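Take each chain as given, in its own frame, and dock them per the hints.
Respectively, the protein sequence lines represent chains H and P.
Just so it is clear: in the first sequence, position 25 is 59 by our numbering, and no numbers are missing.
Just so it is clear: in the second sequence, position 250 is 242 by our numbering, and no numbers are missing.
Calculated from the structure, these hints are not laboratory results.
Treat the numbers as computed from the prediction; the structure is a model and nothing was measured.
Idealized CB from N, CA, C, for every residue including glycine.
There could be a bad hint or two in this list.
Stated by the list, open to error - From the structure, some residues in chain P lie toward chain H, with a derived Cβ separation under 7 Å:
{"#": "1", "residue": "Thr76"}
{"#": "2", "residue": "Lys104"}
{"#": "3", "residue": "Ala105"}
{"#": "4", "residue": "Thr421"}
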Amino acid sequence: MTTAPAPSAKATAPAAGVVRRGRLRWLPLAPATVLLLLFLGGPIGYCCYIAFTNMQLTGTSTTEFTGLANFRRAFGDADFRNAVVLTLVFTVISSLLGQNTLGLALAALMRRASKPVRTLIGAVVVAAWVVPEIVAGFLLYAFFRREGTLNEVLAGLGLPSQNWLYTLPILAVSFANVWRGTAFSMLVYSAALSEIPKEITEAAEVDGAGGLRRLWHVTLPMIRRSIGTNLMLNTLQTLSVFGLIWAMTRGGPGNRSQTLPVFMYDQAFNKSLIGYGTAVALLLLLVGAAFSVVYLRLMREEV
Amino acid sequence: MRPTTAPLILTAAALVATAGLTACGGGSGSDPDTVKVAYNRSTDNKIRFKDNHLAAVKKQFEKANPGKKVELVPIQAQDNDYATKVQQMMRSPKTAPDLVYEDTFRINADIKAGYLRPLDDYLAKWKNWDQFVDTAKTAARAEDGKTYGVPDGTDTRGLWFNKDILAKAGLPADWAPKNWNEILDAARAIKKKVPGVTPLNLYTGKAPGETSVMQSFEMLLYGTGAAGDEPLYNPETKKWVTGGKGFRDSLAFLKTVYDEKLGPDISDALDPNVGTTVFSEWLPEGKLAIALDGSWLGQNWLKTGGKPWPEWSKTLGQAPMPTQAGQAPGKVSMSGGWTWAISAKSKNPDLAWKFIEQFQTRKNAVRWDIVNAQIAVRKDVAKDPEYLSSMPGIRFFTGLVRYTHYRPALPVYPQVSSAIGEAMEAATTGDSSPGGAAKAYDEQLKSVTDGAVGG
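Extracted from the complex, chain P is given alone in its bound form (with noise of 0.2 Å):
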């Protein structure tokens, strides 16, 4: 390079620098009277219920509280982008939102590493709080005992299944499996005798993040062991489970699925968006025979929802999770859920709370679980006669709250969720053996958890 050009790059580079320096001075500092509210807007583009639902909490919390406004901050990504993106809003008081949308997951991490601020003072004072079920209440409670976050639902997990293509291979409408092996019964009935459509799906591998480990492997670990096992964490001994023969056989449930062509395409499966696509296309289109997910799926269904589907409560059926080989309780089931907590580096919290106090007035409490497909976790929700009409399908779901499990609440789970995810992918691209993979999973379970193992 010759010696003049030096002078033009330095220019450059410092133009470019004072100009991003004056791009970040825009978008921070805080207002005293805005709150931000930082939440997940859906991948798809036709999905916005969530965004509609809070701009009319917005309107109310403006009307009821004059001079003050919101200031919605949608994040559209995928889970575990938008908890990045979050995380690191929240490392700086310039860019960290007054209320996020949590899931229950991950929130004893970003509790555990300082984002979150305590609420037990807002708590005690208000009425509604008394509403909320006991296992609701503890759901954002950390090790220090103190509550960090206002769940607004929670869910569940079963298997749905289209009867239409189920009649096809000779199935009943009524279609109920005992164990895990008239799963694959199924499955496999099905593929033989209704060609182009995929029997079974199971979400695997990385790119989905906690999608494929709770929905998929979770409700295959959690229906290994007896009644009442911790197949993750062993909360007496405070110790994480190693893999073992629950966690391979788990690993060989998928690893059948995919080997035997079974499930979705493997490449299918291992798309970041292949949640997206179960609800869109797959079983609206009558591609997919048996899918293992959520409670939530009906909302994408509704006239407002992404893709309205008005059949959907005639074609599709539910039927709950069974246990490996049909051990009491019989039945298995995984809940989650999401909270709206402060963030610790906001200037203002009491306005914060004010709008999740706004947000979870009974009327919107109600709104909100109907709009987001969610199980009630209030009381007076529950009893709601306008939320039990809702949706067909919220008795079953609601129903298998006595069977379901929650994850381990600890700091270190979402870390142990991604190992598990690496052990999914391994064992169904073949990577590896389920033996393997479980193995590659202890090693990491060792380092993540500073070697607090146990068998």
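The shape of chain H in the complex, shown without the other chains (with noise of 0.2 Å):
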């Protein structure tokens, strides 16, 4: 998770000895690797299996292969678009748009302000990083139900209060991702920053560069692979988020904050279509991947 890429690949060049070196070093690792393909690659295997068949949690007791049904009925499925769109919303919204750019800012306020502040305000918002995803989320509900915290500061200042749950679900749940990731983004800002050479900065100073085109012209470009590294594991973090959204508001009112691992929840385990959900799953593992194919092209871009 840190910023430095791998100079050392380049540099090492005459090939046989290198390969048989290479194998020799794998060899303390040859167990964890046996451990991993048992128990991460063996249930991946399988659920691709899964996912090409019609399965069922209950209701049925033969499971036969259906090629590619599962997949075709999800594309045909307007609630299942739907679930594609609020997770492209809910992804931009809380990821990008909230976590990532919070956390800069958090960051860059941080390094300026006094230790014991510092200290103070990394503390909190660790914290909420810290909190179990489903203890977050009870939380968050209890902030934004009719009769919770929001509305009772609101009614406190005078303005309408209601239930954010039903009237902005999506907003709201992207609200509470939000304040419970942001915390990452700030860590991974806080060691870039700290890495970027003082006399850079006074050089542009004395260049007499302002704040912002220092931060556009200096900051960012240095900073570019913590930005893309952190908007990567951001983007696939939040879209797998489930219990935050289950806890909050269980995908509705309607689906109207259903994203796709709550629709696949709702279909495999409430319909009992486990065949169907995990095509689902797989579609959405799609989804991340075609994002991190986006950020490690932006990544390997040369300033």
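Listed below in structure tokens is the structure:
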């Protein structure tokens, strides 16, 4: 998760000896690799198989291979398309705009803050991150619900209250995810910012660059790789957020906050269609892969 | 990432994997002297009568069978999640409980999935089985003619109302609506004359699960046709019935209730825990005038219940749910109930059966129906004076048995129910009109039943 790219990879040249040494190097890792294949590769392979069957949790004891039927069904399913759109909205709002930008802003501000302030803010933000997902879900549920804290505050200010989980469910869960995930971005960016050499910023300052220009022309390009890594981790994490949304809205009202993971759970366990739910899970994996490819490309470009 | 981080990550992952593995190892395995009993524990932490009763039976069982142990496996969850959890447990012999508490509406799906074991051999030798009424005996009989579960009670449904609130709105203490409109009229009168009170609670939407489908939608739907109609599934043609006029009318009734704000706030109604809120807050605190709900509500207000409320029997009255226009037979009720079943992967089926027998001794059966506020399914229990005097209203709800309907006992029913829940939610939130929601239901019905659908 750190910023430095791998310069050593390019430096090594002669072929055969290196390959042999590479193999030997893997030897101590072999048990770990085997375990990983067994416990990660195995289930993933099994999932891929299930996605092409009509397996059900209950209602039938036979499981047949149905080819692409589950995938065809998904693309013809208006609820699935709705879930894809909501997932993208959720990811863009909470991960790209929320966690990422807010994390960078917090990290930048904290560099200027005095030590006690820094420690305090750091502790508060990280606390939100350390709280287990389901607990965070209930906290935010208590915050947004009709008798919740947010409405108490609004009422105190003389503003009208409403049930946020009902009127703006997708925004409420997005905000919850921002609240929870910003700490991670902040930590990544704090590390990245502290690695920018002072001389460069000072040189820019001497050249007369203001705060915004320094940010745009010096800071952002310098931490470009951190941004890429952070975006990728954030996005992948956000794409798979389930507990938070489940605890707050269960995907409702209607299906107005039903993102792909919630849709997948609903199909697999409420409607007992394990096969279809797994197919949706694979499609979710594809969405994640698409995001990753984009970020990896962004990171590869040289400035 | 630097190359050096890779081994670290791999080792960490391997450690996590092995930790997970050992954790799995610890919980599984089956001891031939232990019966594992899985049941649903109420999500309200104050309600533990089921746990207490089972613990008492466990004690008797362990005393009567020295060396044998009972391990209670409570699953504290809402009904849908409980079913999912148990189904997953029953998929593997390592996790399968020996005894499972199964809702009759789901048991057929689980039988079809091969999760349960037929009990006919045991039942043939069990003299108490003759005490069960015929409808109860068929409750867990599958399409293959075998019986897979022993029911421990049933329930009926009707209107509960707060006499004090109704009196303020000028309605009599023996209020008994003759059709749907009279319910709406009463609710409107309450809304006008008793501000601050929710006139009528009808469950709706997906979140409460089967609660909203059965307690509210089917109570409406089964009162829309003529007597003897089967509005969901036609057993003669073996086809599911698409959303016709009765279906749309039922959705429209729900929509009217929520549009005119005669019901609770829609966001409260869509809360998954609304069922608990109704009996633990709204009714005892006088915030709700009329509730379409189950016969078991009283259990929560007993001294031993989750929300002791001794005055309830004076404050609350009961009325049967009328048919749509008051057409014959004039009243409607739905019945369900739960059964005890033995998991197919159980390694101790004989011992598990012994536990059922212990649970169903006459004394225990009476006790259970009383603490769980069940309508008796055994003739000897139904005659028991302790049972009959256990709770006000029990005679009323037992009287509804002759008007009651059972849900289609078919494996696909849970999926149909879930489609109905979606139609209800769409219609009440205004996402689509009752007609549109009925149409969407037809589409879903076709896909879950593989086209076994008729008009």
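Evaluated hints:
1. Thr76: Cβ of Thr76/P sits 4 Å from chain H, so the hint holds.
2. Lys104: holds (5 Å)
3. Ala105: holds (4 Å)
4. Thr421: holds (5 Å)
The structure shown violates none of the earlier numbered hints.
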